[in-house]
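> Construct all of the structure, not just a fragment, from the sequences and the given hints.
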Amino acid sequence: MSLFNIFTVAGSAMTAQNQRLNVVASNLANADSAVSSNGQPYKAKQVVFESTHLGGQLGGANANSASSGVRVSSVIEDQSPLKMVHDPSHPMANKEGFVAMPNVNVVEEMVDMISASRSYQNNVEMMNTAKTLLLKTLTIGQ
Amino acid sequence: MIDKLDSTFRFYQDAANLRAHRQQLIASNIANADTPQYKARDIDFNTALQGALTGGGPAVTLATSASSHIAPAAGVSGGAPLLYRSAVQGSVDGNTVDMDVERSQFADNAIHYEANLTFISNQIRMMQSVLQG
Numbered sequence: 097m098s099l100f101n102i103f104t105v106a107g108s109a110m111t112a113q114n115q116r117l118n119v120v121a122s123n124l125a126n127a128d129s130a131v132s133s134n135g136q137p138y139k140a141k142q143v144v145f146e147s148t149h150l151g152g153q154l155g156g157a158n159a160n161s162a163s164s165g166v167r168v169s170s171v172i173e174d175q176s177p178l179k180m181v182h183d184p185s186h187p188m189a190n191k192e193g194f195v196a197m198p199n200v201n202v203v204e205e206m207v208d209m210i211s212a213s214r215s216y217q218n219n220v221e222m223m224n225t226a227k228t229l230l231l232k233t234l235t236i237g238q
Numbered sequence: 005m006i007d008k009l010d011s012t013f014r015f016y017q018d019a020a021n022l023r024a025h026r027q028q029l030i031a032s033n034i035a036n037a038d039t040p041q042y043k044a045r046d047i048d049f050n051t052a053l054q055g056a057l058t059g060g061g062p063a064v065t066l067a068t069s070a071s072s073h074i075a076p077a078a079g080v081s082g083g084a085p086l087l088y089r090s091a092v093q094g095s096v097d098g099n100t101v102d103m104d105v106e107r108s109q110f111a112d113n114a115i116h117y118e119a120n121l122t123f124i125s126n127q128i129r130m131m132q133s134v135l136q137g
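So the protein sequences, as listed, match chains R and Y. All the letters of the first sequence, read from the start, carry residue numbers 97 to 238 under my numbering. All the letters of the second sequence, read from the start, carry residue numbers 5 to 137 under my numbering.
Warning: the hint list may mix true and false statements.
One side of the interface only, derived from the structure: several residues of chain Y facing chain R at Cβ under 10 Å [claimed, not checked]: (1) A37; (2) Q41; (3) Y42; (4) R129; (5) S133.
Not close to chain R: a few residues of chain Y, all C-beta gaps over 12 Å, as computed [claimed, not checked]: (6) S11; (7) F15; (8) D38; (9) F49; (10) Q54; (11) S69; (12) G94; (13) N99; (14) M131.
Coverage of chain Y stretches by chain R, computed from C-beta distances (three or more under 8 Å per stretch; other residues unrestricted) [said to hold, decoys possible]: (15) 22-32; (16) 101-110; (17) 114-125.
For the record, the hints were derived by calculation from the structure and aren't laboratory data. Values in this document were obtained by computation on a predicted structure and should not be read as measured data. The beta carbon of each residue, even a glycine, is placed where N, CA and C say it ideally should be.
This is the structure:
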């Protein structure tokens, strides 16, 4: 029954978007962390999505072959340069009085947050529709 | 008599199966709206239904590796050919999912599926009233 697969597909997408939201929260929370757990300034992290095949492996002939969910394939670190802030009184300041601050772009993170939230909502609505259709299917012949 | 009953319901059954399949395809598209390089896919419902009713569509045959293997009498119909949706506005990451298109198609397909179920129910009720007199 292919309608049941919608729950798997939407569920995987919700997990992935949830993880993305988690990474955004981590980035925003650490936007001013001059030192992270490894002693270096915190670096912004991004999730990389990848589609996963759930159904059979028969290619286009199989009815389930096109159903693909999402998973987070990796979490990468943003390689853009760190922000150098002039603050001689800071304990982490170098000889010239500059402090390396995280390369988190707060505006980008907010946009990412809204995008993740919208995608999550889309998937919830998709699940609701699938549920309605399945319940309606159960009433055939009544 | 029984085969007539079967052929009465067959159209709606095939249509419902295809609608459920298409619903799942669009669900995959919406789920992968943020996946880089993902290409949105869909079936042409009209062609798919014609194929399902006439037994057309891409045939799936059994692979035979020895001459003594018995080839199947008729290939099993493999359903509808999967197509790629042409992107209205391309995106930088190679993703072709347009959320407006997918959402409207998802809702459209859901309504058609529900209508189909209503038709089946009516058909069953009609048959029951014929049988019970």
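> Which earlier hints can't be squared with this structure?
As far as the earlier hints go, 5, 8, 13 and 14 are violated by this structure, in ascending order.
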